[in-house]
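J.: Using the hints, put the two standalone chains together into the complex.
The listed protein sequences derive, respectively, from chains A and B. For the first sequence, the residue numbers in my numbering are 689 to 945. For the second sequence, the residue numbers in my numbering are 175 to 437.
Because the hints were derived from the structure by calculation, they are not lab data. Quick reminder that beta carbons are idealized off the backbone N, C-alpha and C, glycines included. There may be inaccurate statements among the hints.
Result set (SDA-like, lysine to any residue): computed pairs, CA atoms no more than 25 angstroms apart in a straight line [to be verified]:
| # | chain 1 | residue 1 | chain 2 | residue 2 |
| --- | --- | --- | --- | --- |
| 1 | B | K332 | A | P747 |
| 2 | B | K332 | A | E761 |
| 3 | A | K740 | B | L286 |
| 4 | B | K395 | B | G291 |
| 5 | A | K791 | B | V325 |
| 6 | B | K208 | B | Y197 |
| 7 | A | K843 | A | G744 |
| 8 | B | K335 | A | L745 |
| 9 | A | K928 | A | P901 |
| 10 | A | K791 | B | L348 |
With the Cβ distance kept under 10 angstroms, some of the chain B side facing chain A (calculated, not the full set) [to be verified]:
| # | residue |
| --- | --- |
| 11 | E223 |
| 12 | G225 |
| 13 | L324 |
| 14 | D326 |
| 15 | F328 |
| 16 | M330 |
| 17 | T334 |
| 18 | M341 |
| 19 | P345 |
| 20 | A346 |
| 21 | Y350 |
Have a look at the derived ranges for each label pair, beta carbon to beta carbon [as the list claims (entries may be wrong)]:
| # | chain 1 | residue 1 | chain 2 | residue 2 | range |
| --- | --- | --- | --- | --- | --- |
| 22 | B | L255 | A | S798 | 25 to 35 angstroms |
| 23 | B | L420 | A | S716 | 54 to 64 angstroms |
| 24 | B | V290 | A | D707 | 49 to 59 angstroms |
| 25 | B | I273 | A | G750 | 23 to 33 angstroms |
Single-letter residue listing:
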Amino acid sequence: MTVTVPIVKFDQVEKRYGDGPLILDRISFEAQRGDFISLIGPSGCGKSTILKLISGLNPISGGHATVESITPENAAEELAFVFQEPTLLPWLTVQRNVEVPLKIRGVESSRRAEVARKSLDLVGLAGREEAYPRQLSGGQKMRVSIARALSLSPKILLLDEPFGALDEMTRDHLNEELLAIRDRKAWTAFFVTHSVAESVFLSNRIFVLSANPGRIHREVRVDLPYPRTEETRQSSAYQKLVAEVTLLLRSVEGPRT
Amino acid sequence: MSKKTLTYILPVLTGIAFFGAWYAVRALLGEDGKFLLPTPDEILVAFREYGDQLWAAMLNTTKGAVIGFSFAVVVSFIFALVLSLTPMVRASLYPYLMILQMTPIIVLAPILILWVGPGLVSVTVITFLICFFPLTVNTTQGLISTDRNLVDLFTMCKATKAQEILMLRIPAALPYFFTGLRIAATLAPIGAIVGDFYAGNSAGGQGGLGFLTIVFSSQFKNAALFATAAASCGLGFLFAGIGIGLAWSSLHKWHDSYAKSDS
Numbered sequence: 689m690t691v692t693v694p695i696v697k698f699d700q701v702e703k704r705y706g707d708g709p710l711i712l713d714r715i716s717f718e719a720q721r722g723d724f725i726s727l728i729g730p731s732g733c734g735k736s737t738i739l740k741l742i743s744g745l746n747p748i749s750g751g752h753a754t755v756e757s758i759t760p761e762n763a764a765e766e767l768a769f770v771f772q773e774p775t776l777l778p779w780l781t782v783q784r785n786v787e788v789p790l791k792i793r794g795v796e797s798s799r800r801a802e803v804a805r806k807s808l809d810l811v812g813l814a815g816r817e818e819a820y821p822r823q824l825s826g827g828q829k830m831r832v833s834i835a836r837a838l839s840l841s842p843k844i845l846l847l848d849e850p851f852g853a854l855d856e857m858t859r860d861h862l863n864e865e866l867l868a869i870r871d872r873k874a875w876t877a878f879f880v881t882h883s884v885a886e887s888v889f890l891s892n893r894i895f896v897l898s899a900n901p902g903r904i905h906r907e908v909r910v911d912l913p914y915p916r917t918e919e920t921r922q923s924s925a926y927q928k929l930v931a932e933v934t935l936l937l938r939s940v941e942g943p944r945t
Numbered sequence: 175m176s177k178k179t180l181t182y183i184l185p186v187l188t189g190i191a192f193f194g195a196w197y198a199v200r201a202l203l204g205e206d207g208k209f210l211l212p213t214p215d216e217i218l219v220a221f222r223e224y225g226d227q228l229w230a231a232m233l234n235t236t237k238g239a240v241i242g243f244s245f246a247v248v249v250s251f252i253f254a255l256v257l258s259l260t261p262m263v264r265a266s267l268y269p270y271l272m273i274l275q276m277t278p279i280i281v282l283a284p285i286l287i288l289w290v291g292p293g294l295v296s297v298t299v300i301t302f303l304i305c306f307f308p309l310t311v312n313t314t315q316g317l318i319s320t321d322r323n324l325v326d327l328f329t330m331c332k333a334t335k336a337q338e339i340l341m342l343r344i345p346a347a348l349p350y351f352f353t354g355l356r357i358a359a360t361l362a363p364i365g366a367i368v369g370d371f372y373a374g375n376s377a378g379g380q381g382g383l384g385f386l387t388i389v390f391s392s393q394f395k396n397a398a399l400f401a402t403a404a405a406s407c408g409l410g411f412l413f414a415g416i417g418i419g420l421a422w423s424s425l426h427k428w429h430d431s432y433a434k435s436d437s
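Extracted from the complex, chain B is given alone in its bound form (with noise of 0.2 angstroms):
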């Protein structure tokens, strides 16, 4: 058997024998199994009993993830331009960037809910909090990182501050830019579903995943727990892909990281 089609055949494998342990863990189990372990098959009906609710909520948590995620990259790519421009302005901010980094989200969660009140704003503000870091840190390095030669030949070449930045730091920095932007892209879920387990029932009562997540665990609903923590796993998978998208198209064509290595 060739190499790669054990590449393709050992994934699978190790999902039949994941979900062979987790029916005869569940048999093991005996009558309390119901209730700690729903089975695959228990999931999918609660997905099906609770579909409308668990889209609902997927559907608000995707709105606050996207809100927050979009002003991350915008706010940190200006904030990074800031950053780059000398030694000194990075040494007085990185610091304090470094603190809010340090501060675990979940204990600044309740506070900002004081600050914003609950609902989309302080879900939005969590999301772009978890996703302002590293997107910042990434961009600042990427427009420091600049080939030395690349810029003495803009010097020689009398170019303005502003055309080196725009024709050289800015694309030279996309690289970066971008590994920022796949990790932000897989911890926007996870901040909205943060903020949203903290803040969810918003006006109106329409909460995302997080506040799904207590209402269920409140009720004992443990299949539908599943489910719902299946589907921000989907939710984290198509943020992620979306994040290698965007840095696919944007890269391909000329970063060897990203093109392939025939041509």
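Here chain A stands alone, though its shape is the one from the complex (with noise of 0.2 angstroms):
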């Protein structure tokens, strides 16, 4: 029997802010290499603090975290954010915000330009290098964070509701870029979303979280085979699929008032 590392382990991981209540209660879960993850649950059930605690950007309070073997902090290099916003920076041209992560890691310039424009090339938006993000729609902006993000080589990617924004049509042809670009990249995801169809479309394993505090209340198996397309949303798998998640999230939920 081979024995495979997790590539994010969590172990009973709690964390509040300061003194203030328990945010994450007992979180367990371990994540395999090529896992896709959607965290979904009502508001306020610490998702998107799940995302903070594997970039590193936000210290556990208390249990034990691991990515890739090491503590979060340590292993920022392996980790690429994509934000609810598209989180642009304004006065560089697309290109440009492409390259910023690789700037910071002092990159030459040469092979920034080369990574951004395949990045680039990947999210579709080849020859828009030298616009700026006011001149693009919100589904183009999100593109140019996700090539950001994609810029990095990460093993990880966490994405924090990227696509909430965006109308249904351009989410449903953003999601099923996302897998294709996944096909080739081979990353493991974090993603949140509030939306049962999108989490059942993109992942091969989804957590239901309930709130007060946030707690892993159920994770569900997606065994859709990937490639997903149209034909995915269209079968009746899928489909069961969504209204069993939906229901164990408004058993989360409680009665609405």
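T.: Next up, the structure:
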């Protein structure tokens, strides 16, 4: 029997800010290489906080967390974060925005330009290198943000509800593209979302969280084959899973008032 | 008539009405009017008559304003960087900055002249003081208002503090800095004229517009006084225009408030 080392491991992890209430309560999971894990749950369940803990941006308050077998703070080079907003530097062109993380790491400029062009090509923005963020649509800005994250060739991609502000058509489209890129780059993804459909479409594992304090209520395995396409969305297996996760989500949200 | 043509025509109509009223009041004043309210054509004559003096005064005032303004831009920027470091630094320095701002410059001017002597130096210092506050406050605000997520991005990339300041905080603060710069640009000639009003009769007797105001009013040359006011006003527009121009040229490519809405 082969023992696989999990790429991210949380063991009884707790989080509170200062003397505040417990935000996350005994979160335990093991993420394997290539997992696409969606985190879904009512607002305030701490799903974005889990991403912050994996990224090392915030320290854990209790328990044990490792990324690539070391502490999250020391594993920053393996990670890239895609924020809820595109979070671009508006004074830089698209190309220069994608280059920012590389520039910080001291990569020389010709190499930076090359990596940025490839990244932009990957997200379908070839030809827009010299545009400024304000000249782009919401969907395009998000693509730039993803291209920037990919420029670091991360092993783990953390996405905090990246498509929440986009219309459904654009969102569906970007979901398919994200999976297509993942086929080629094979990173492990943690994806926070409010959309059950999105989580089922993208992931092989879904963590349904409950709030106050945040706990992993249930894990749902999504055994739909990749690559997933529009046909996947039409399949009864997919729709059954959507219904199942929706019910789970309702049960943790409690009755609506 | 379209709204657009109206916006062009209305100010012209207001101008015509204004000048009409000016001549009408002058006519009503009778004999006194010649002294109390010179007409625009009399002011133009005064411009021609005292042209050399006015021109020299404008150059002097401009010199003081430009030097004081430039110093204020540089010093306030460094000061703002220091203020942006921690809330502690801000807490310890802000009250005193406020005190400086709340004291009217016109009261400070004579004291400053006592300290540094009359002439260009005191004009420069007074201009500096009047420009310093809006520049410092706006730039500091800009430096501490950086998008939280962008700061996180830099932290995750293990950026050094210097990289964070140079690549992120300073460029992000530019729109705020230029707001301060535009305010300071309109204040600079005012500061120089105030300074000059007290300290203009400097070495060589070459005063600026403030000094000329004193000269003309003591000689009851009211048309010339109006011409001086017009020249000061023109200088104000020039400085404001330069401020707006500088802001536009650095921001129009990326900042919405300066960019055309089309592209």
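J.: Of all the hints numbered above, which does this structure not satisfy? Sort the numbers upward.
T.: 3, 4, 9, 11, 12, 21, 25
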